[in-house]
Structure formats: C-alpha cells, structure tokens
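*Asks:* Below, each chain spelled out in residue letters.
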Amino acid sequence: MGLLVSKLEEALFSILPITITILILHFTLTPLDTEIVAKFIFGALLMIIGIPLFLLGIDLSITPIGEQISEVLVKSNKLWLILLGGGFFGFIVTVAEPDLHILADQVKAITSGHFNSNLMILLVSAGVGALVSFGIFRILKNIRLNRFMTVVYLIILALGIFTQPDFLAIAFDASGNTTGAVSVPFILALAVGISVMTRSNEIEENDGFGMLGIASTGAIVAVMIQGLLTATGPISGSLPTAKIVTGSVFHSIWTAIAENGTDTFFVLMPILIIYVVIELIWIRQPLYKLKRIFVGSAYTYIGFVIFLTGINIGFLQASRQVGYQVAAFGKPWLLVLIGMVFGVITIPAEPSVHVLTRQIEDNTAGSIKALRVMLTLCLGVAAAVGLSMLRISIPGLQLWHILLPGMVIAIILSYIVPDIFVGIAYDSGGVAAGTMTSVFILPFAQGAAEFIPGADIVRDSFGIIALVAMTPLVAVQLLGLIYKLKTRPLLSEVSEMDEYMEEI
Amino acid sequence: MASHILPNGISYSLLTIIVNRGKGSKILGFAREIGARDASCFFGKGTINNNVLKMIELNEVAKEIILIVVPGESETKILEQLKEKFHFDRPNQGIAFTMPLAGILKIKQDTSIKWKNSSLSNQWDYTALFLVVDKGKGESVIQISQEAGYYGGTIIKARGSASNLNIVLNMIVEPEKEAVLMLMKSKSAHQLAMLLREELHLEQPNTGILVKLGVNKTIGLFQDDGKDGEAEQ
Amino acid sequence: MNYFMNIVVVPLGYADKVITAANEVGATGATILRARGADHSAKEGLFSIKIEPEEEIVLIIATKEVTDTICNKIHEEFEKNSKRGGSIYILPVQDLEE
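So the protein sequences, as listed, match chains A, B and C.
Residues are numbered in my numbering as their position in the first sequence, beginning at 1, plus a constant of 27.
Residues are numbered in my numbering as their position in the second sequence, beginning at 1, plus a constant of 75.
Residues are numbered in my numbering as their position in the third sequence, beginning at 1, plus a constant of 224.
Just to be clear, a hint being listed does not mean it is correct.
Here are a few chain C residues that sit away from chain A, every Cβ distance over 10 Å (derived from the structure) [said to hold, decoys possible]:
#1 247
#2 252
#3 255
#4 260
#5 279
#6 287
#7 289
#8 293
#9 301
#10 302
#11 319
#12 322
Subject to a maximum C-alpha distance of 25 Å in a straight line, what follows is the list of computed PhoX-like cross-link-like pairs (lysine-lysine) [stated by the list, open to error]:
#13 C:307 - B:160
#14 A:396 - C:274
#15 A:102 - A:396
#16 B:262 - B:160
#17 B:262 - A:396
#18 A:318 - B:101
#19 B:191 - C:307
#20 B:232 - A:316
#21 A:316 - B:212
#22 A:358 - A:34
#23 A:396 - B:191
#24 C:274 - C:297
#25 B:101 - C:274
#26 B:181 - B:212
#27 C:274 - B:189
#28 B:210 - A:102
#29 B:292 - B:191
#30 B:210 - B:232
#31 B:183 - A:396
#32 A:34 - B:260
#33 B:160 - C:297
#34 B:181 - C:288
#35 B:260 - B:101
#36 A:34 - B:232
#37 B:189 - C:297
#38 B:189 - A:396
#39 A:102 - A:168
#40 B:129 - A:316
Since the hints were derived computationally from the structure, they do not count as laboratory data.
All residues carry an ideal CB built from backbone N, CA and C; glycine is no exception.
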C-alpha cells in the first residue's frame with residue numbers, strides 16, 4: 028500500500044506544522060480554552076483525512092474535466108466560442124463559491140446594508156468571467172503576460188484613486204476569496220489546456236500560468252466599480268460574528284457537515300452537470316473514463332466536506348484566541364514574529380497551493396519543483412502577515428504604504444524574470460489567499476486587533492488578504508531571478524568524449 | 076560527408092531507468108556522480124495490477140524516466156552501483172536497462188555523427204517496445220497488453236510535430252500524443268508487437284508507430300506468475 | 225531496411241529548429257517530450273540550489289542515410305542560429321510497425 032503511505036506523508040506535511048505550532052503556543056505563551064483545543068485537535072485529524080482525499084479527487088475529476096472542456100472549446104475552431112465558453116465557466120465557478128457569499132454578507136453588514144450583497148456576488152462573478160475571457164484572448168494572441176498585467180494593474184490603480192481606502196481592502200479581499208479550492212484546479216486546467224494546444228514555440232510561453240492571477244483581478248475591478256456606484260456611508264466597525272460553531276463537539280460536527288455538505292454540493296454540481304451535457308453531446312468517452320471522473324468527484328466531495336468541517340470546528344476560535352493573547356503581551360515584535368510563523372504554517376495546509384505547485388512541476392517536467400515554490404510561498408506569506416501585524420501595531424502605517432511599493436516591485440520584476448515565473452507568480456498570489464487564510468490567518472489578526480486600541484478590526488483585518496495576495500508576486504519572481512542567474516553560465520560545455528575517455 | 080567512426084572498441088549505451096516519482100532528481104544526481112554529462116529526466120505514469128485498486132481508481136502510479144549515456148564497458152559496473160544505491164534488487168523500487176547506441180553526436184561540437192565501429196548484434200534476450208499513439212490511446216495499449224498477460228508499461232505525454240492536418244484559428248497546432256514504453260523478453264515482445272499491430276491497426280497511416288529496441292542488460296525486473304513481464308514496472 | 229531512432233536532446237524552445245531541419249530533409253512525423261537535464265549550474269553561493277534546466281527531446285525514426293543528413297542539417301541549423309547545443313543519441317531499431 029505504498030500509495031496510502033505517500034498520501035499520509037503528504038497529509039502530515041500539510042497539517043503537522045499548524046498542529047504542532049498551536050499546541051506549543053497553547054502550552055507556553057497562549058493557553059487556550061480546553062474546549063477549543065479539543066475541537067482544534069479533532070479538526071486537525073479531520074483535515075489529515077480530508078486534504079489528501081480532496082486532492083486525489085481533484086486529480087481524477089476536476090482537472091481532467093477542465094482539460095477536456097478546453098479541448099472541446101479549442102477544437103470548435105471558433106474564437107468567439109472559446110472566449111465565451113471560458114468566460115461562462117469563470118462565471119459559473121465563482122458564483123457558487125461559498126467564501127464569496129460570506130464576504131458579501133460581511134460587506135453588507137459593515138456598510139449598514141447599503142452594499143447589495145447579491146449584486147456583489149453577480150458583479151464579482153461577471154468580473155472573473157470577463158477576465159478569464161481576456162486571459163484566454165491573451166494566450167491565443169500571444170500577448171506577453173507582463174504587459175497585460177501592467178495594463179490591468181494600471182486600471183486598478185486608476186480606479187483605486189477614486190475608491191475609499193476601506194473599499195480597497197475589501198476589493199483585494201474579494202480577489203482572495205474568488206479563487207477557491209474547486210475553481211483553482213478547474214480554471215488552471217482550462218488555461219493550461221488551451222495554452223498547450225495552441226502552443227507556438229518561437230515565443231517564450233507561460234503554459235497558461237497567470238490565468239488565476241488574471242481572474243483574481245476581475246474580482247478587484249468588480250468590487251471597486253460597485254463601490255464607486257454605491258453611495259455608502261462610513262464603514263462601521265462591527266462585523267457579523269463569524270459562524271462560530273458552539274456546543275458539544277458532536278453537535279458542532281453535525282452542523283458543520285450539514286452546512287459544508289450543501290455548500291460543496293452547489294459548488295460541484297454546476298461543473299459536473301455541464302460536463303455531463305458536453306460529454307454526451309460532443310466528447311463521448313469510453314465508459315471507464317467516465318467512471319473515473321465520477322469516482323473522483325465523489326472523492327472530491329467527501330474530501331472537501333471533511334476538510335471544511337475540520338477547519339470550521341476548531342481553527343477559527345483557536346487562532347483568534349492566540350491572536351488576542353499574543354497582542355496582550357504588549358510587545359509588537361512578538362506579534363510580528365508569531366504572525367510570520369502563522370504565515371509559514373498556513374500555506375502547506377492550503378489545498379489550492381498543492382494543486383498549483385503540482386501543476387507547475389508537471390508542466391516543467393520537474394524543472395521547477397513543487398516543494399521549492401511552496402517554500403517560496405511560505406516565506407512570502409510570512410512577510411505578508413508580519414507586515415500586517417506591523418500595520419496593526421503602528422497606527423500611522425496604512426495598507427497602501429505597503430501595497431503600492433510591493434506592486435511596483437512586482438511589475439518591474441515581471442519584465443526581468445523568465446515568462447513562466449511571471450505566470451506562476453501571479454497565480455501564486457491568487458492561490459495563497461485562500462480558504463486557510465480566511466479561517467486561520469484572518470482570525471489571528473482580528474483577535475490581535477480586538478486587543479490593540481486604535482486598531483480597527485475591519486480595516487486592518489481586511490487588508491491582510493491583500494498583502495497575502497501580493498507578497499507571493501515578489502517572492503516567486505525573486506525565485507525566478509535566481510533560476511535565471513543560475514542557468515546563464517551553462518554555455519560552456521567541455522567535450523563529452525574527452526571526459527569519457529579519461530574515465531575509461 | 077563521410078561520418079566518423081568511433082575508435083575500435085569504444086561504444087556507448089543508453090541507460091534507461093524507471094522509478095517512482097520523487098526519485099528522479101536523485102538519479103540525476105547519481106548520473107552526475109558517475110561523470111555522465113548527458114542525463115535527462117521526464118514524467119510518465121504506470122499502472123498497478125490490482126483489481127480492487129482499479130475499481131476505486133487508485134491504480135495509477137506516477138513515474139520518472141531517466142536517460143543516461145554511459146560508456147559501453149562500464150555498463151555492468153554502473154548497473155551494479157545503481158542496484159546498490161537505489162535497491163533495485165527489491166520489488167517495486169524501479170527498473171533499469173541498457174540499449175547499445177549505434178551512434179552519437181554532440182551538436183555544435185561534432186560536425187557529423189560518430190558511428191559505432193563494430194556491427195550490432197541482432198539477438199537480444201530482452202526487448203523494449205516503444206509506441207507512439209494519439210492521446211487517449213495509451214490506455215488501450217496498456218489494456219491490450221494486460222489482456223495478453225503483460226503488466227507494466229509506462230505512458231508518457233508527448234506531442235507530435237505540427238503538420239498541416241491540424242489547424243485551429245489559423246494556427247498550426249501540435250497534436251497531442253502518448254508514448255508507451257514496455258520492457259519484456261524478446262519472444263513475448265514479438266508476440267505482443269503482432270497483437271498490438273492488429274488491434275490498433277498500425278498498418279493504416281497515422282494510427283501510430285511501434286518500434287522494437289534491443290536491450291543489453293536489465294535490473295529490477297521480476298517474473299510474475301511465471302509469465303514474462305514484471306509485477307509492477 | 226535498417227531504421228534508427230534518433231533521440232535529439234535540446235534546450236527548451238529549440239525543438240522547433242530540430243523539426244525544421246528534419247522537415248527540410250523530408251523526415252516528418254517527430255515526437256516531442258518535455259524533460260529536464262541534470263544540474264550543471266555553477267556552484268556559486270546563490271543559495272546553492274540545484275537547478276535542473278528544462279529540455280525538449282525530439283524522437284525521429286529514419287534510415288541511416290536520412291539520419292546522417294538530418295543530423296548534419298541539425299548541426300548546421302544550430303551553428304548558424306544558436307548559442308547553445310544539445311546531443312543526439314542514435315538507437316538501432318529491430319523492427320518497425322507504422
């Protein structure tokens with residue numbers, strides 16, 4: 028059963044860092060309520076089962092579905108169909124995303140109802156769909172990613188000048204929430220599929236990477252536009268209490284399963300139904316391949332429900348308590364340090380990160396290693412959380428002070444490093460700010476902000492996602508720079524024959 | 076232009092190693108250690124012969140295939156080192172085999188091919204079957220082989236060179252392919268090749284290619300129920 | 225007829241040159257794989273991480289004369305237009321079905 032062992036190893040690698048850290052903190056600096064610790068440990072156990080099952084399911088179902096749909100679109104040989112189809116799927120996977128619904132509700136609450144949450148969901152989904160279309164257009168017309176993103180971010184900058192600072196943070200948060208655990212592999216497979224089929228070797232290619240980053244910007248633009256069109260009052264500081272599941276452990280689990288079960292069902296169903304329709308009309312695969320997709324979908328569903336249940340049970344409260352207590356020490360450097368640790372341990376637990384890094388390794392025949400990209404992300408997110416904690420502790424430091432220079436550096440780097448790294452950098456940004464960030468890093472910041480006077484929970488916590496989505500852009504491109512510098516001296520090659528002669 | 080001939084007695088072989096995914100870089104490191112300058116690694120996937128696993132779709136195994144050019148006479152020594160270091164004597168650790176090269180050319184260093192001097196033998200104990208078929212057909216190749224009693228076979232994603240048959244949106248598109256590599260005793264290889272030719276209609280144009288390559292030495296192959304082939308490649 | 229399998233290993237992006245050269249000689253029908261090579265990067269202090277560079281492997285099946293011509297063509301093409309090289313390994317084919 029070598030397969031099970033390797034899956035178990037992967038699962039432990041994802042969850043142990045978080046589990047050990049929280050336990051260490053519990054026994055030393057920040058003792059937590061026993062009930063919370065118990066739920067946390069139980070949640071961790073659930074995740075050890077859920078994550079590998081989910082990832083396996085994705086490999087068997089969602090990724091092949093995305094590939095096949097990209098094949099169908101490209102073979103239709105009609106540009107308008109490919110663009111429309113891509114946009115349509117971008118819309119579909121976003122509109123069902125539970126994280127987006129939660130964010131919309133939160134925004135509605137803090138604007139005292141002025142912000143229409145349903146409109147937000149529709150606009151963001153439309154934004155993502157539109158940008159996926161543009162992204163596909165970029166691939167087909169061989170427009171270089173760095174130029175494309177420069178234009179997009181200039182537009183965002185222009186809109187940003189007219190946007191309330193609080194809305195800026197919300198807009199970036201939306202971008203983090205739209206690329207969820209199911210939409211990531213799907214959009215990735217779609218983009219990679221289209222790119223691989225329409226490859227032309229003369230130009231340096233990204234292989235379809237960058238699409239997730241492009242899709243995220245659709246959300247940013249959509250929220251900003253809605254913000255400009257909606258007359259909102261000042262943002263009030265009270266968030267609706269996040270769904271903290273109280274009660275006995277069993278009651279918590281049952282509630283969580285019921286809720287996550289329905290949410291996940293509505294995320295997967297649209298994709299599956301559309302796929303089955305396309306399959307029956309156009310593809311007509313042999314039966315055993317269909318069976319593989321259905322078995323995979325079952326794994327995806329079960330795995331994801333278990334995963335979500337695991338994190339909803341104990342992670343949020345544990346993280347929030349830790350944040351509050353660390354802030355209570357009154358030492359900013361400690362908050363920054365623990366924050367950075369949180370950044371490092373969260374990334375391995377994020378399923379989308381595994382999906383993206385594995386796809387990168389697959390496409391580059393192992394030249395760009397999954398583990399290496401993941402470690403780069405860990406460092407990048409550590410910096411993001413550290414900077415956020417700094418922001419919380421220092422009243423004068425605002426989000427855009429950090430965000431703007433960061434983005435400028437990222438865009439400059441995009442003209443220096445190899446194209447493929449530009450692509451995976453933008454993708455990493457979209458992927459790093461995912462489910463785990465909302466459930467683990469955000470509550471930590473909110474807990475800290477609760478304690479520190481002068482820290483606004485809403486403003487300060489919303490900005491974290493923005494930073495988590497930004498630092499990978501710089502970190503991954505720096506990795507690309509290292510690759511570029513290290514592969515240059517390869518031009519000198521000693522005659523191989525002579526070497527062999529000497530050895531014999 | 077006359078080609079050069081390698082000095083008498085000098086020959087090269089292509090060492091092919093198939094391991095589970097994750098070990099490829101270590102093997103590339105091994106290549107460096109033994110002084111080989113030509114080593115390449117790519118991904119493939121194999122199947123486990125187990126019906127329960129097949130039902131729950133857990134029977135695919137990710138593989139890495141490494142090609143290393145080694146001097147002909149160091150073959151045995153290098154295979155021994157490989158076996159020791161990576162435990163190929165235990166089942167399911169990997170397999171390795173050598174095929175003699177007829178010629179070699181270092182682009183930009185040699186002006187023409189250096190051909191092997193002596194003639195190449197025509198009798199081999201083991202043969203490698205290598206097929207290239209359209210994407211999606213790789214599994215059929217595996218299925219046909221399994222029904223014939225051969226378990227093993229690694230599928231590799233590839234693409235064909237663009238031809239005017241594939242035009243999409245005024246772009247010439249490269250068709251996607253799958254390559255299949257199988258290693259077995261020469262007699263079985265002959266039979267399996269004929270069977271594959273029939274079932275896949277290889278004689279018709281554009282259905283695929285099958286080549287038989289002679290194999291010098293192998294390690295890591297285990298017999299399966301007395302039939303020729305491996306328990307798991 | 226004696227056939228040979230040419231395994232042409234070149235850096236990423238150069239497969240096109242190989243295909244062009246082969247097409248000029250009339251050898252169509254090549255197969256291309258993505259691969260990575262062993263780490264030969266300079267061992268500077270830059271975090272001394274190993275970089276295994278991306279490659280493409282082009283497989284071409286041809287007779288001896290055609291092989292000679294293709295390889296010469298490839299060599300010419302690379303001499304003219306590129307800074308980097310590659311390798312070609314030639315395996316004898318026992319039998320060919322197509």
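*Asks:* If a hint holds in the structure, say so; if it doesn't, say that too.
*Replies:* Right, here's what the structure says about each hint:
| no. | hint | in the structure |
| --- | --- | --- |
| 1 | 247 | holds (14 Å) |
| 2 | 252 | holds (17 Å) |
| 3 | 255 | holds (15 Å) |
| 4 | 260 | violated (4 Å) |
| 5 | 279 | violated (8 Å) |
| 6 | 287 | holds (25 Å) |
| 7 | 289 | holds (24 Å) |
| 8 | 293 | holds (22 Å) |
| 9 | 301 | holds (14 Å) |
| 10 | 302 | holds (13 Å) |
| 11 | 319 | holds (29 Å) |
| 12 | 322 | holds (24 Å) |
| 13 | C:307 - B:160 | violated (37 Å) |
| 14 | A:396 - C:274 | holds (10 Å) |
| 15 | A:102 - A:396 | violated (31 Å) |
| 16 | B:262 - B:160 | violated (31 Å) |
| 17 | B:262 - A:396 | violated (40 Å) |
| 18 | A:318 - B:101 | violated (36 Å) |
| 19 | B:191 - C:307 | violated (28 Å) |
| 20 | B:232 - A:316 | holds (17 Å) |
| 21 | A:316 - B:212 | holds (12 Å) |
| 22 | A:358 - A:34 | violated (40 Å) |
| 23 | A:396 - B:191 | violated (38 Å) |
| 24 | C:274 - C:297 | violated (33 Å) |
| 25 | B:101 - C:274 | holds (11 Å) |
| 26 | B:181 - B:212 | violated (34 Å) |
| 27 | C:274 - B:189 | violated (32 Å) |
| 28 | B:210 - A:102 | holds (14 Å) |
| 29 | B:292 - B:191 | holds (19 Å) |
| 30 | B:210 - B:232 | holds (8 Å) |
| 31 | B:183 - A:396 | violated (30 Å) |
| 32 | A:34 - B:260 | violated (34 Å) |
| 33 | B:160 - C:297 | violated (41 Å) |
| 34 | B:181 - C:288 | holds (17 Å) |
| 35 | B:260 - B:101 | violated (28 Å) |
| 36 | A:34 - B:232 | holds (24 Å) |
| 37 | B:189 - C:297 | holds (15 Å) |
| 38 | B:189 - A:396 | violated (36 Å) |
| 39 | A:102 - A:168 | holds (17 Å) |
| 40 | B:129 - A:316 | holds (12 Å) |
Hint violations for this structure: numbers 4, 5, 13, 15, 16, 17, 18, 19, 22, 23, 24, 26, 27, 31, 32, 33, 35 and 38, all remaining hints satisfied.
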